Each structure stands twice: as structure tokens, then as C-alpha cells.
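Number of protein chains: 2
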Amino acid sequence: MPREKTALKAVGMALDAETRVHDDHHVSLRLWLRLLACTNQIESRVRQSLQSSFDTTLPRFDLMAQLERAPQGLKMSELSQRMMVTGGNVTGITDGLEKEGMVVREVDSTDRRVNRVKLTAEGERQFRRMAAEHERWIVDLLGPLALRQKKQLMELLGGLKEHLAGDNGV
Amino acid sequence: MPREKTALKAVGMALDAETRVHDDHHVSLRLWLRLLACTNQIESRVRQSLQSSFDTTLPRFDLMAQLERAPQGLKMSELSQRMMVTGGNVTGITDGLEKEGMVVREVDSTDRRVNRVKLTAEGERQFRRMAAEHERWIVDLLGPLALRQKKQLMELLGGLKEHLAGDNGV
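Residue numbers (our numbering), protein chains in the order written: chain A, 272 to 441; chain B, 272 to 441.
Since the hints were made in silico from the structure, they are not lab data.
No experiment lies behind these values; they were computed from the predicted model shown.
Honestly, I wouldn't trust all of these hints.
Treat identical chains as interchangeable: a pair holds within one or across any two.
[As the list claims (entries may be wrong)] In silico lysine to any residue, SDA-like type, Cα no more than 20 Å apart, as pairs:
no., residue 1, residue 2
1, K422, V356
2, K432, S315
3, K422, D295
4, K422, R305
5, K422, H293
6, K432, R407
7, K370, Q352
8, K432, R305
9, K422, H297
10, K389, H293
11, K432, L304
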């Protein structure tokens with residue numbers, strides 16, 4: 272009965288394909304929840320440590336980190352775009368840091384309507400001190416992963432990141 | 272000059288070890304930033320899609336998802352603990368969903384001082400409709416990863432998640 276056998280095989284293949292799709296959807300959803308859980312855990316530990324060790328917040332640390340990478344300073348709009356964490360009002364944080372002498376607002380040399388925010392020497396010094404501790408926390412939190420596994424994760428997430436950055440619709 | 276050779280070798284090994292440590296710290300920090308960037312991107316896409324497709328927010332969706340997994344209902348304290356995303360006030364969201372008939376507060380049968388929140392039949396129906404779409408978005412967003420790569424990520428992040436859950440100090 273070759274025809275029946277072929278039909279049965281087709282049904283079998285269709286079922287396999289369906290299982291694969293179902294499996295893939297299921298894994299995708301679980302993977303997203305796991306990504307979210309890991310990120311939340313690490314973020315929450317870092318928030319706690321910044322608070323207890325430096326009496327500061329993650330958005331403040333993040334803002335200073337963005338400025339440290341931009342010695343020429345950043346416009347407020349650029350600063351907002353580059354922030355990696357939520358939960359802070361960029362203008363409010365900048366005002367606070369300016370009062371403490373950690374950052375300074377300077378009029379842009381080419382466009383006098385634009386302000387650029389820069390770290391002061393003191394801000395840089397304080398940021399470096401926090402960044403060294405922050406690096407130790409991250410190394411600790413990622414402790415169970417071997418260097419080889421971290422590099423594997425970097426590569427897998429690298430492909431994903433590129434796709435997410437290039438893709439405009441969901 | 273065997274002694275000199277040994278000394279040189281020791282210096283070489285120390286330098287190698289230092290490079291490895293430096294490399295590991297560097298990779299750890301970059302991996303954390305990449306994890307954060309991917310999670311932020313996906314989360315922000317999901318927030319946008321929930322808004323445009325269902326005129327709802329991620330914390331609302333998250334709260335309903337937690338209730339869907341707990342048919343016996345959840346105390347407010349349990350609900351707060353289980354939420355996966357920030358940016359929402361659990362009591363406020365519950366009030367809103369209760370007004371719309373999606374959830375109901377019931378007095379606990381064993382302890383009359385305690386309220387349990389449950390999805391209503393209508394809440395369950397609406398949640399399922401959103402969850403099906405949400406799954407499609409996630410599958411799309413994780414599109415560039417093959418099933419094999421997703422499983423690899425699951426495993427790598429699984430080890431990390433366990434470590435983070437068990438570890439109390441940073």
C-alpha cells in the first residue's frame with residue numbers, strides 16, 4: 272500500500288513539524304522569561320549595592336557611566352537615549368549631580384542654544400571609584416559561568432541584539 | 272640558565288593569569304551590558320505592542336499572567352513578589368482590573384483577614400487572547416536564534432539563575 276504509506280508519512284511529518292513549532296514557541300517564551308528573570312535579579316542586586324555602598328541609585332550611576340564614555344559631553348537628548356536603565360528622570364538626576372559638583376552644563380561651542388553635560392574632574396574620580404566596585408559585583412554575580420560560557424553567551428546574545436536593533440516592528 | 276628561565280616562566284605565567292583575570296572581568300561587564308540591552312529592547316517592544324494592540328500595559332499583562340498560573344488566587348503580597356516587571360503599583364492595577372471585571376477580590380476561606388485576587392472568567396478569556404499574541408511577538412523577536420541556540424541559552428542562563436536565586440549577598 273504505497274499510497275497509504277505515503278499519506279501516513281505526510282501526516283507524521285506534519286505532526287512532527289507541528290510539534291517542532293510548538294516546542295520552538297514554548298522554548299521562546301521560557302527563554303524570554305529566563306532572560307527577564309536573570310536581568311531583574313542582577314539589576315536589583317546592583318541597585319541594592321549602589322545604595323548600601325555609595326548611597327546612590329542605578330540611574331545616577333548609569334548617567335555618569337554614559338558621560339564617562341563621552342569626554343566631549345552629551346546633549347540632554349543624547350543622554351536620554353543612551354540610558355540603560357529606567358526609573359530616573361534625566362533632567363532631575365542631572366540637576367542633582369550638578370548641585371553636588373559631579374557634572375557641569377556647558378553651552379555648546381557650535382550651537383549656543385544647546386547645552387552639553389560633562390563629568391567634572393571630581394565626578395570622574397567618584398565614578399571610577401564606583402565603577403571598580405561595580406565591576407567586582409558583576410564578576411561575582413556572573414560567578415558560576417566559566418569564561419568560555421560567558422563568551423558563548425556574548426555570541427548568542429550578540430546575534431539577537433543586532434536583530435533587535437535593526438528590526439523596527441514587532 | 273635554568274633558574275632565570277624558571278623565573279621568567281613564573282613572570283610569564285603571572286602575566287598570563289593577570290590577562291585572563293582582566294579578560295574575564297572585561298567579558299563579564301560586557302556580558303551584563305548585553306544582557307541588559309537585549310532585555311530592555313524586548314521589553315520595550317512588548318510594551319509598545321501591548322499598548323497598540325490591546326491598549327494595555329506590561330504590568331497589567333504581567334499581573335494577569337501571574338493570576339492565570341494560580342487558579343486558587345493570590346494574596347496581594349504573593350502577587351507583588353511574583354511580578355516580573357517594574358513600573359506598576361500592584362494595588363492600583365488590581366483596583367483598575369477589578370473595576371473592569373477582569374479580577375475579583377475574595378476573602379480567604381481559612382483566614383478572613385486575608386484577601387485573595389483571582390481572574391474572573393472574562394479576565395481569563397481576555398488574558399488568553401493577549402497571551403496568544405504576546406507569544407507570537409516573542410517568537411518574532413527571538414527570530415534570529417535557531418531552536419538549538421535557544422536551548423543553549425536556556426541552559427547557560429539556567430545555571431546563572433539558580434546561582435542568583437540562591438546567593439544572598441552580592
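Hints, one by one, checked against the model:
For the homomeric pair K422 and V356, neither the shortest alpha-carbon distance inside one copy (24 Å) nor that between copies (27 Å) is at most 20 Å. Only between protomers do K432 and S315 lie at most 20 Å apart by alpha-carbon distance; the minimum there is 13 Å, versus 22 Å within a single protomer. Proximity of K422 to D295 under the C-alpha cut-off of 20 Å is restricted to the inter-copy arrangement: shortest distance 9 Å between copies versus 24 Å within a copy. Both within a single protomer and between protomers do K422 and R305 lie at most 20 Å apart by alpha-carbon distance, with minima of 19 Å and 12 Å respectively.
With identical chains, the CA atoms of K422 and H293 are at most 20 Å apart between copies only, with a shortest distance of 14 Å across copies and 29 Å within one. For the identical chains of this complex, K432 and R407 are inter-copy neighbours only, at 18 Å across copies versus 25 Å inside a copy, given an alpha-carbon limit of 20 Å. For the homomeric pair K370 and Q352, neither the shortest alpha-carbon distance inside one copy (23 Å) nor that between copies (36 Å) is at most 20 Å. With identical chains, the CA atoms of K432 and R305 are at most 20 Å apart both within one copy (16 Å) and between copies (8 Å).
In this homomeric assembly, K422 and H297 come within 20 Å of each other (Cα to Cα) only across copies, at 11 Å, whereas the closest approach inside a single copy is 26 Å. In this assembly of identical chains, K389 and H293 lie within 20 Å of each other by CA distance neither inside one copy nor across copies; the values are 51 Å within and 28 Å between. Taking the shortest Cα distances, K432 and L304 sit within 20 Å of each other both inside one copy (17 Å) and across copies (11 Å).
When each numbered hint is compared with the structure, violations occur for hints 1, 7 and 10.
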